[in-house]
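Chemist: These are the residues of each chain, in order.
Protein chains: 2
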Amino acid sequence: MEGWTRGMIIRLLEDRDWIATWRIIEPVFRAGETYPYSPDITENEAHGVWVEIPSATFVAIDESEDIVGTYYIKANQPGIGAHVCNCGYIVSEDARGKGVASEMCKHSQHEAVDRGFRAMQYNLVVATNQGAVRLWKKHGFEVIGTLPGAFRHQQLGYVDAYVMYKTLIT
Amino acid sequence: MEGWTRGMIIRLLEDRDWIATWRIIEPVFRAGETYPYSPDITENEAHGVWVEIPSATFVAIDESEDIVGTYYIKANQPGIGAHVCNCGYIVSEDARGKGVASEMCKHSQHEAVDRGFRAMQYNLVVATNQGAVRLWKKHGFEVIGTLPGAFRHQQLGYVDAYVMYKTLIT
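Chains A and B are the protein sequences, given in the same order. Numbering of the first sequence is given in my numbering, commencing with residue 460 and proceeding in unit increments. Numbering of the second sequence is given in my numbering, commencing with residue 460 and proceeding in unit increments.
Hints were generated in silico from the structure; no laboratory data involved. It is possible that some hints are incorrect.
The list makes no distinction among identical chains, and a pair is therefore deemed to hold if it is satisfied within one copy or across any two copies.
In silico DSSO-like links for lysine-lysine, alpha-carbon gap of 30 Å or less [unchecked claim]:
#, residue 1, residue 2
1, K557, K596
2, K596, K625
3, K533, K597
4, K625, K565
With the hints as constraints, model all of the structure from the sequences given.
Modeler: Right, dumping it as C-alpha cells:
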C-alpha cells in the first residue's frame with residue numbers, strides 16, 4: 460500500500476489540472492453524502508470553492524501521471540482565528556483504498572505548518588463517512604464534538620456530523 | 460430587567476442604521492476579545508461581514524430610539540448543510556447587563572425557524588467570554604466541543620473556543 464503511493468507526487472494544482480480535478484470532485488459533490496455543497500453545484504461554483512476561495516489547492520499524481528486526488532487548504536476563520544486551517548480532500552473513485560487520502564492528509568499537515576498554521580479543523584465530517592473518521596483519527600485528529608443532524612445526506616436524510624481538530628504546534 | 464427590554468423593538472437593519480451599528484460593533488472588533496475579525500478591520504469590511512454576507516441583520520432599539528444591539532443570521536454551511544444557521548450578537552457598551560442579548564437570542568431563534576432553519580450553531584465562542592457562554596446555555600445551547608487555542612485573544616494570547624449548538628426543530 461505504501462509502495463503504491465511511493466511514486467505519488469503531490470503538487471500545487473495548475474490551471475490545466477482543473478478538468479481532471481473536476482472529474483474527481485464532481486461525482487462526490489453530486490452524491491451529497493460527504494460534502495455540504497449543493498448536489499446541483501455548477502462547475503464554476505465548484506471551481507470557486509475548491510480553487511479560488513482556498514489559500515492553495517493541491518493534486519496527487521500517480522506514476523502514470525493521472526490525477527488521483529486533490530485537496531485544498533485555507534484559514535478556517537478570519538483575523539485572530541486564522542491560525543487554524545481547514546482542509547478538504549477528495550480521492551478519485553478508481554484510486555480509493557490505496558493510501559492516497561493518507562498521503563494528502565500528511566502532506567497537508569506539513570503544508571499547514573509551513574504556512575504558519577498552528578492547528579487544523581474539519582468542520583463537518585459526516586458521521587456516516589466512517590472511513591474518513593477512522594482515517595483522520597489515525598492521523599491524529601480528535602472528534603471534539605457532534606453536531607446533531609447537521610448534514611442532510613442525500614440517501615439517509617439528516618445525519619450527525621463531527622467537528623474534528625488537531626493541534627499542530629503547541 | 461425584563462421591564463427594561465419590554466419597550467425594546469428588534470427590526471431589520473436599514474441603511475440609515477449603519478452609522479450607529481458600526482459605533483456599537485467597532486469597539487468590539489477592535490478589542491479582539493470575542494470576535495475573530497481582525498482588530499484592524501476597516502469599516503467597509505465590517506459592513507461586508509455584518510450586513511452584506513449574512514441573510515439578514517437586525518437592530519435592537521430602546522424606548523429612546525437608540526440602537527442598543529445588533530445581530531446577524533446566515534446559513535452556517537452551503538447546500539445540504541444550510542439548514543443550520545449561525546448568528547452573531549453585539550450589545551452596545553452602555554446597554555450591557557440589561558437583557559438585550561437575551562432578547563436578541565430569543566428573537567433570532569424565532570427568526571431562524573421562520574426562515575426554515577432547523578438548528579443554530581455558534582462556531583467560535585471564546586471560552587474566556589464567560590458571560591456569553593452562560594447566556595447561550597440559558598437559552599438552550601450546548602457546548603458540543605472545545606477547540607484548543609483556536610482564538611488569539613488580544614489580551615490573553617491563544618485561548619480555547621467552544622462550538623455551541625441548539626436544535627430548533629426535531
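Chemist: Hints the structure violates: just list their numbers, smallest first.
Modeler: none
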